[in-house]
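Engineer: Below, each chain spelled out in residue letters.
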Amino acid sequence: MSTVQDSTEQEVRRIGAELADAFPSAGHSPMRALDSRAMELAARDRELKAALFRFVDVVPACRSLDDLARHLTGFLEEVPETPPSLAAAMRIAHTRPGRAALGAAAAGGVKHMAHRFIVGESPAAALEVLRGLWKRGVASTVDLLGEATVTEAEADNYARRCTEALEEIAREAARWPERPVLERDSAGRLPRANVSVKVSALTPLLRPDAPERGRDDAACRLRPLLRRARELDAHIHIDMESLDSREAVLELVLGLLREDEFREGPSAGLVLQAYLRDSPEQLTTILEWARSCPRTPPVQIRLVKGAYWDHELVEARQHGWPTPVFEVKADCDRNFEALTRRLVHARELVRVAIGSHNLRSVAHAIAVSRQAGGSDQDLELQVLRGLGDELQDALAASGLRVRTYCPVGDLVAGMAYLVRRLLENTSNDSFLHEQATGTPLEELLAAP
Amino acid sequence: MTDLPEFSNEPILELRRASVRAGLADALAAVDETLPLEVPAMIGGEVTPGSASFESSDPGEPSRVVARAARATEDDARAAVAIASRAAPGWAAIGAEARAQALLGAAEWLRARRLELAALEVRECAKPWPEADGDVCEAIDFLEYYARAAVALEAGRTLLQVPGERNELRYVPRGVVAVISPWNFPLAIPCGMTAAALATGNAVVLKPAEQSPACALRLVQALRAGGVPPEAISLLPGFGEVGAALVHDPGVHTIAFTGSLPVGLEIVRAAAEVAPGQRHLKRVVAELGGKNCVIVASDADLDEAVPAIVSSAFVYAGQKCSAAARVLVDEAIADALIERVAGAVRVLVVGQASSLGTDVPPVIEEAAAERVNGYAEMAERDGRIVARGGEAADGGLPEAGWFCPPIVAADLAGDSPVLREEVFGPLLTIERVRDVDAALEVLDGLPFALTGGLFARDPAVIRKVRERTPVGNLYVNRGITGAMVGRQPFGGNRLSGTGTKAGGPDYLLHFVEPRAVTENTMRHGLVV
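Going line by line, the protein sequences match chains A and B.
With the first letter of the first sequence counted as 1, position 347 gets the number 1585 in the working numbering; the numbers rise by one all the way through.
With the first letter of the second sequence counted as 1, position 313 gets the number 295 in the working numbering; the numbers rise by one all the way through.
The set of hints was computed from the structure by calculation and includes no laboratory data.
Using N, Cα and C, we set each Cβ at its ideal position, and we do this for glycine too.
It is possible that part of the hints are untrue.
[As the list claims (entries may be wrong)] If the Cβ cut is set under 8 Å, some of the chain A residues that face chain B in the computed set are: (1) Ala1325; (2) Glu1385; (3) Glu1485; (4) Trp1559.
[As the list claims (entries may be wrong)] Covered stretches of chain A (in silico footprint by chain B; criterion: 3 or more residues with CB under 8 Å from a CB of chain B, positions within the stretch not fixed): (5) 1311 to 1318; (6) 1364 to 1377; (7) 1435 to 1447.
Kindly generate the complete structure, drawing on both the sequences and the hints.
Structural biologist: Following this line, the structure appears as structure tokens:
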């Protein structure tokens, strides 16, 4: 190991340990502890986990408490060994009043869990949470949950909701107190209002085989949104979804931001998914683009692991295609760190955000950023609401800029998102799962 | 042979990658340069242009001639059957492993020409690229799957053995198989029926649809290149009279047919006649029509149901026997479903099969377009049209070619023919039902039972439909087309077919005769 790598590793361990110390003490909220136990139970038993997820997934479509209870017991009946607590629930469901009680309890439970991940039913309802975060030194980006877009009307409606969210958040954010860490980096000012947008919701025409159709249709709705963001001084971040739409999304974003009218705003960003084997080439494309058309403010790249791992794996297996994602966690983690390094060294071209709950990945990003001679203000860290809350607090307490991804929407809309998050949270090799089950800090911070 | 890798499906092109898409235009241009293809009649070793000919053309541009084909005659049919009868014993005698090698060779020949063959389907049948490529892959799958299955079948089945006797059950070929195939899967369907017959040691005379002779020519070339003797696979391009001659020929043992119900019934009737000199009962393997229903329960996830229904109904302009024709939706969510399906269909693009941006290609020929338009008028009369697609983008359908807009109709009168008859085109109807039980009652009354769909999440509802559905292929919470060899054995019940399952473990049994042999192994009290 070279001395540079050596000193990086030392730094990673030191920063990681500091952050771990800054974590709020566990179990301070009894409700939070309850969730963790439910998650833990689900993580141990695959069948039970599947049953619970299928129930969570169907809750919005249930028409009555009776209907809810029938679905819950229907799923649980398929679990070979039902835990005693759930067996009792199933016995209750033999009578109609019993089903009503069970349905109400289950709906309440799901709603409670949903609220851990979803900050409000509407942007207006979320404002209080956003303000609270800001006051505690945490920036936010709002993601509007919704049903899949299959029609023009649905795409128009999503674009309208995004515009309204931008307006409401910008209006509210103007009243927030100053938080210099969150509002400025070496490239200049950072907007307070920040909205993440999904291209799949902006058009019904995404076709994996014909990306230009979705790209062009989405552009018609994204262009006015970018204009409005520029007027409001807000940031628009274009999320990345499954590989099926990646080409359309990337071409859309790079194409629009190259247009003359957007060369000087709004602040905008895109996403790089480290679980994709070809993500290094994607980064090369993005950096070459950034070099060829400089813009102020620079585009922000959010590096994430990627949230569609199971989907990508299943789709590739069903079609007999090479797996586009890393199948071994350590390979993915190593790629994440390599991309982090490249991004940190490309800061004259792009703003860098690292979206991760993996303490090692986060500490590594901070370490290489400092080693590269960068100021902490030129590294943004991002977490998901409900999953990265402790890390968020630790980062804020350490004086770093952290932004929390805050989904907004009703339960119906949120459920698909929620199920994905739950899957991630209870997957056996997830960092959060390892952390929750007491893996020693030394191991958590070891190089992948 | 024993070291053959386990069967797996030929991977379709990953067209979501630009690098993969980049090769398509060149492949199409290369094929265009060879058009029109000359398709001869191939009767054993004899290759003849025939005394008369006919043409196949591009449904998206009918002035483009894709193939000029010999028009085989009834005499040609008799000659081909006679040659096949003489060749069959020899082809049977070489054994399943040698025959499997020939089929695998054919698969390799197709594999080496995947883009070229898909391009030919784009032109001859207006099959859009992803579908055309899928068809080529399915043809390869049938060859690979049946080759392996025939080797396994040759070993026979285990019987009860008692002292003093040796019992064995073997499967032997039936003789000559007439394959009569449709144009909508112009390689895969003729290939599947032919490969099953050949793998089990039968000789084949193939009469492909008159709309797709060029694709059939490629199939026969592949088989012969792989090592199937010319006498064991003859090609008779032509029309109904050739098919009828084959069906009536006393030298034919098995008729494998995929097509319409009326023709299928004619074949079944004709096959029941025993001609003078005929010493066997003809067997019919038939895959006929469908009127496929998708049930949408009140707890369905519409985010998934809507795209799956739309693609099941309109991919390849609905010209698949498995395509969705009727949606039976729980009245509690019917308005939402109708609105979303209608909106999704309004943005569908009607266009050329060669464009990857096309959602709905033209139908196969003028008569098909007239039939579809007729049903569309009927739907308008008997109910209401809730969406007509393909007109949003530039205000009209392409000029030349047999283009039909995708149509969704709802609330049709219960006695409308549109609800009963197979349209085989881009027309979908949506009906409200009280609940899943009411939907099952509708299914009970249907003559067809090919594919069916269910969108529901309650395990009890899924169980109930699984047990009560009459269909041969039920798809739960997904689209209802795209059966894969080895994964979704395909075929219908009731008037949809003879219940045979293409691409499944039992299919080959329809091409063989079981023979049990019992030998006395006791001689003067000694068991030898």
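Engineer: Each of the hints needs a verdict: does it hold here or not?
Structural biologist: Hint-by-hint comparison with the structure:
{"no.": "1", "hint": "Ala1325", "verdict": "17 Å, violated"}
{"no.": "2", "hint": "Glu1385", "verdict": "6 Å, holds"}
{"no.": "3", "hint": "Glu1485", "verdict": "6 Å, holds"}
{"no.": "4", "hint": "Trp1559", "verdict": "5 Å, holds"}
{"no.": "5", "hint": "1311 to 1318", "verdict": "holds (count 4)"}
{"no.": "6", "hint": "1364 to 1377", "verdict": "violated (count 0)"}
{"no.": "7", "hint": "1435 to 1447", "verdict": "holds (count 5)"}
Violated hints, listed in ascending order, are 1, 6; each of the other numbered hints is respected by the structure.
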